[in-house]
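All chains should be modelled from the sequences, with the hints used to inform the complete structure.
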Amino acid sequence: MIWLITGALRGLGFDMAKTALKAGHKVIGCYRSKGQQSTSNWDELEALGGIWTQLDVSSDDAEAKVKALVSQYGGIDVLVNNAGYAVLGSIEDVPLDQVHAVFNTNFIGTLRTIKGVLPSMRERKTGTIVNISSAIAIDHQPALGIYTATKCAMEGYTETLQAEVAGFGIRVLLVEPGATVTEFASTTGTGVRIELSEPYASGGIVKQLSDFLSSPEYASMGASSIAVAERIVETIDGTGIMAGKEVGLRLPLGKDTGAGFEKKAAAYANVASLKDVWSSV
Numbered sequence: 001m002i003w004l005i006t007g008a009l010r011g012l013g014f015d016m017a018k019t020a021l022k023a024g025h026k027v028i029g030c031y032r033s034k035g036q037q038s039t040s041n042w043d044e045l046e047a048l049g050g051i052w053t054q055l056d057v058s059s060d061d062a063e064a065k066v067k068a069l070v071s072q073y074g075g076i077d078v079l080v081n082n083a084g085y086a087v088l089g090s091i092e093d094v095p096l097d098q099v100h101a102v103f104n105t106n107f108i109g110t111l112r113t114i115k116g117v118l119p120s121m122r123e124r125k126t127g128t129i130v131n132i133s134s135a136i137a138i139d140h141q142p143a144l145g146i147y148t149a150t151k152c153a154m155e156g157y158t159e160t161l162q163a164e165v166a167g168f169g170i171r172v173l174l175v176e177p178g179a180t181v182t183e184f185a186s187t188t189g190t191g192v193r194i195e196l197s198e199p200y201a202s203g204g205i206v207k208q209l210s211d212f213l214s215s216p217e218y219a220s221m222g223a224s225s226i227a228v229a230e231r232i233v234e235t236i237d238g239t240g241i242m243a244g245k246e247v248g249l250r251l252p253l254g255k256d257t258g259a260g261f262e263k264k265a266a267a268y269a270n271v272a273s274l275k276d277v278w279s280s281v
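Here the sequence shown stands for residues 1 to 281, numbered as in our numbering.
It is worth saying that the hints were derived from the structure and are not from the lab. Each residue gets a CB set at the ideal place from its N, CA and C atoms; glycine is no exception. It cannot be assumed that every hint is accurate.
As the list claims (entries may be wrong) - Cβ pair distances, simulated, as ranges:
{"#": "1", "residue 1": "Lys-275", "residue 2": "Glu-159", "range": "21 to 31 Å"}
{"#": "2", "residue 1": "Ser-279", "residue 2": "Ser-40", "range": "57 to 67 Å"}
{"#": "3", "residue 1": "Pro-142", "residue 2": "Met-221", "range": "15 to 25 Å"}
This is the structure in structure tokens:
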């Protein structure tokens, strides 16, 4: 199969690209901008047979570029929407231009690539679309409100997309990793940390979490990025630990994801217990 992976130059995207190549697939890895080629990851992926292509999902020409790749390679079998970045800061402090920018990458960027592959997938009646979300979309935390919003938006349309394209033989997978040992955890490398205003800067939960999430301690905790990549590839291929397992839309990965789902289930159970109230109107 031919895989197209956005944000493939580092972190989870790079590990997915390596894992897919080792599983026998052809991989087209996307990097955002020129000048990123001189890295050990670049050389390692090429040595494994990977192909690099420049694709900035935040650019208006991203859809056209993906369609050109579809034409060049005769179709894309697996699209992985992995490109994205975090924004740390209180909802009050994050400037609206930064809100627009992160939504343009994390949310609209995924729509651009999906629009690029869907016509071909529909015509061939086969294909898989993988959207990399986050456990934060289930278990919301202070200091990550805007980033969380991009992932919640992604999850909402991904559920709808699954219903819309299932009849065309297209599979949709929503991956929800928890804390992962990856460069993405370092906001100094691939994200934005907004300076906190008073009273947030003086202390409290936003300051505490903002400091922790941008710390070396957080960057080194959580699940192995390689292990997450292996589970994703195994889920697509139906191999390894995922052999014989039926996976629906969601694929949470990481020991810390369970608590979030349990908390969300309890919250919805409480809503359900108020049936006499919401059904009375």
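Right, here's what the structure says about each hint:
1. Lys-275 with Glu-159: 21 to 31 Å: Holds: the Cβ-Cβ distance is about 23 Å, inside 21 to 31 Å.
2. Ser-279 with Ser-40: 57 to 67 Å: Once the Cβ atoms are compared, 60 Å apart, the range 57 to 67 Å for Ser-40 and Ser-279 holds.
3. Pro-142 with Met-221: 15 to 25 Å: 18 Å Cβ-Cβ, so the 15 to 25 Å window holds.
In the structure shown, no violation is registered for any of the earlier numbered hints.
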